[in-house]
Amino acid sequence: MGLLERPNSERGRLRRGRIRERFVRTGVRTSDTPTEERRLMLSRPPHILVTTPESLSVMLAMDSYRRTLRDVETVILDEVHALAGNKRGAHLSLLLESLEELVSRPVVRVGLSATVAPLERVARFVAGGDRPCEIVDARDLRSIRLGVEAPFAGAVAPLPEVARAALAATADVRTALVFTNVRSQAERVALEMGIADGVTEEIHTSRSSDRRIGVHHSALERSVRHRVEAELRAGKLHAVVCSSSLELGVDIGYIDRVIVIGGARGVTSTLQRVGRAGHRPDAVADGLVIAQDRDDIVEAAATRRCIADGRIEEIAVPEAPLDVLAQWMVMSVCYDKRVALDEILATARRALPFARLERDDVVRCARYLSGGGIGGDEAHALRLGFDGDAIYGLGREVCAAYFDNVGTIPDEKHALVRLAGGGDIGRVEEGFVNELRVGEIFVLNGRTLRVKEIGSRGVTVEPFAGRPTVPQWSSHMKGIGPDLAREISDLRAGVARRIPDVRAALDWLRDRYGLEGAEASHVVRYIAQQRAISAIPEPTRPVVEIYRMDRKQVAVFHTCAGRRINETLARGVGARVFAAIGVDTSLTTDDNGFLITLPFGATLPDARWAQMLDPAGFEADVRAGIRSSHMLRNYFRYVANTGLLVLRRAAGRTLRRGTQSWSSGRILEQVAKRDPQFPLLRETWRTVTHDLLDLPGTLAYVASLEGEPRVLHPPAASPFTFGIVTSSFADTVVMEDRATMVEALHDRVLQLLGETDMRVADDEPPRLELRYT
Amino acid sequence: MSAAGPSTDAYEVVPGAVALPHGLLLLAASRTLIAADVHFGYEDVIGGALPLWSTGSIARALDEAIARHGATELVLLGDVVHSTAMSEGAARAVRAALDGLRARCPVVPIAGNHEGRSRGRALLGETHECLERDGWLLLHGDVPPLDGARCIVGHLHPSLRLGGDASVPVLLGGDRLIVAPALTPYSPGLDVRSESAKRAVLAFGSRIDAMVAVACGEDRVYPFGSVGGLRDATRRKR
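These protein sequences, in sequence, are chains A and B. Numbering that gives the first Met the number 0 applies: residue 0 is where the first sequence begins, and numbers increase by one. Numbering that gives the first Met the number 0 applies: residue 0 is where the second sequence begins, and numbers increase by one.
So here's chain B without its partners, still in its complex pose:
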């Protein structure tokens, strides 16, 4: 497994899968760009008195990444919207953001638990439950696949808590499972060193300690080596 290394602007976490800033993932062979848990419309759903900051900033980040990496499609890996019930104004803004991205490349939304029973069709158009790309099964990950396929999931919002309220999104990479972090800026996430994270990953048949953790900043990514090593290192320091 990969060891910790210097920060870089792209890191191949397992062969053919590249971790990018913001917690994006690029599948090199098909040039599929994957973004998990963007939770568009969050501010509207919690009351609407906050401007839709996250919708704009995430759309901008995605737009830049598509252009920079020449992505042929963008897969939104579930929880594309924070709730399927949002105000008309917010729904318009979310549709506009998606249309902007569609003008760049095809956008393929996968439904997550936040898409609810309607699977978000009213807002997102056709949505998928899962897809296959480059030998990986792409799905949201609220329900692990029964057949033990190699999969790429979101849902868990993996992160590294930095003390206080600060945390940084972390992409987890392994041979049979990749967990992409949430793009929404509003989630403090699930610390990859925690018991809950260990249990959640085990549900997919993987051991979190053996997975590679890549912390994702806005411009660079920071490979930390294995989660087990990271836990030991931070425990010693504490």
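Bound-form chain A, shown alone:
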């Protein structure tokens, strides 16, 4: 984000035209900016200030900065798409309205964005209120080429094959970016690419070979990342394997080709990734998807169709997040300002996320922040004062709590990974560490490491030569949205309708999806197998498959509704199953459906399974499902931090453990018992049902279903279930084993179907009639 301003005196001189301005002063203010520099900035304000929402919120709270900000003329919001859909953006939108209240003339706002939709909504977000706004649409969706390659003959590609294909795809270019969906996979792919290239040591230590491969992801230490970026710019690296960390923003120079392992799980993210190639006007961005299984081929084809139609995921603006509102209200009165409640309401409503903010909610927040309102008991620390009409600041000391806890970015806990002899390698998520055991082997920063010790301050490792035993961080797996899911569903149904006429199906895949050759054959065979073993789910008529696995009843719901709706559906169905059998079940979700495993000995009849998506009372069941999960507790932690209920840092007091290990679950319980209307409790629910899950979309989905789903008992795991069945074992099965497992499932299907090789003869198109006996 940049703020443009001209210091008063110079502006005067410029206006009089006596002095031509020759120097443009720029400044950067983030939480890392040294105090000395900040002071300098006040005495000689920069013409262009680059800053963050968090730093802006600090500046807006301080009188010294407010005087300077009064002269701001232009605000440029870069990468708007990364803000409009989340709480950080909601925070920023309020701050811009505060800035607007401060300046003498309206600020000119400029929003810049990569691929984003819908333009109208994002434009309203940038402009705020009903200010006039002009949209400059410079999108060009057609200059993207997206190939797809499937380096396997059966149903799945083992990772070494994927890496070999990726390496081959970089052979004829100067520089390439290889994207993976999860961080640990970036490490694994880079490692395997190195092995395929004959490298056995660490990957990005200097080597004489001209094909050096680097790794880049957000868990790496900043210095390591910067080095990789610099080497890429300088053309010293042939390829960099990265997670989403290089999707945007980072300057990496000229890239010839982008390779996406698996798929980007979205139209926008595909465009963003592939768009990193051919950074030159008129150049076609060259992208290639390397499919790891047959779902990936289908996804790539559907993505291509969506790109051609210009259908990209729409950003949803969070609806009046009350934790953000509370924090902003505290800022608005720092240190001792007094602002009428009506003014707070009017200002907030000009920010798009708060356009429909209710006065009652402002009152509730004011009451909470002023020390009352939770179960009628008084709190000890007040964040502001409230007299019924206006809120007011309580002085410098109280504001310290605000300055120490500004912002909406949750403190994601990370554990440091260090070598036994010394030296930090990078960071991994705390959740990953919790699953880790001494002696296990994983990959970080291109190195294979064995865990020596797990302590409270991090993980100590030693280099190790051998295959990793730990699968992957799964927490960063992205899901696909409802539109792409719908296109996938249409593709499946379209092929299914044309089978057994293989030629017709292939022609249709070529014409509508640009899919040809081995990849097209894969898709036709995949769908033919599914059709023979089970059935093809349709958008308004899902299929429920019932299996017995490990002597337990398992139900797989094929909905094709996208990840968030599936997550939400699974909560509702989970609650219904709980109501039916009285025992908690385990749930696994993916893009195309979800899987429920009943506990040993429990079964439900088909008729009950068929009623599981009945729209009547579904919302209540979803809420019951959420209540019994950890979601509320986990997100209450963030909401309580943003809403200043629980502080991350407290000035002047060293908190040995309090803030670090507070029990969000227990506090949530106490708050819920004493005040069900408490704004931060309601905000936690909103975050979970609207930002994380998609309750409205899910209710629309169940309402759109035509009749009950089809309940089937396939004789073997159907091809559409391979992915979800193997991911239901995600905790215990490492990646290689998953590939083996899928092949085993596939072999079983082939055995049942007695399928012969399906090759399309030149003159006589075969008919593919699969039937199991």
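To be clear, the hints were calculated from the coordinates, so they are not data collected in a lab. Some hints here could point you the wrong way.
[Claimed, not checked] These stretches of chain B come out as covered by chain A in the derived footprint (C-beta under 8 Å, 3 or more residues):
1) 88–96
2) 135–146
3) 174–186
Yeah, the Cβ is synthetic: ideal placement off N, Cα and C, and Gly gets one too.
Chain A is fixed; fit chain B onto it per the hints.
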């Protein structure tokens, strides 16, 4: 060792030591009431925007127990405060709660790890590192005694997880070691069936499997028999 039995309002976990609701422990001979890990001022220490609910509710529970059992003294078994750094207002509230209890009977605070290096003297007055009562050594338990004395400790927050976020405090009783659960409502505790609990108890020279687990509700206590038996029973059910 005692077997699982029906719920009751007091359960003699080892001769002379009675488990009470809320996770309190009464030494019958001296009528010493013991309360571990009350963590007064918790809400203030984590930010202060929550009312000091736990201070009030714990003080009330202690007050009732002193009266009901005719306790001659109350021993607070360490981690009496969540942090020695708390706001003036909260410190006043904590002192007031303690004064209220002192009006009933002598209150003897033992310092725990949360009392820090200052041992909590500013808030609690004189604090002890350990005491002896009825042949037991009373201490917080963050550091096991070197001499292998029979002791009563807190610190571990033993509990029984019930699935989801729910858990119930559990008092662990053995011939040579008693572990009292935390009174603070904010701790989910350490599941007595876990490996960590086993290791922690072993540091005191006791085997957790042989200890008796008594789950403590607000009005009643629930004897579950030995931890080993409890683990087997719940594993079978799972």
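Problem set entry | Violated hints, by number in ascending order, as checked against the structure | 2
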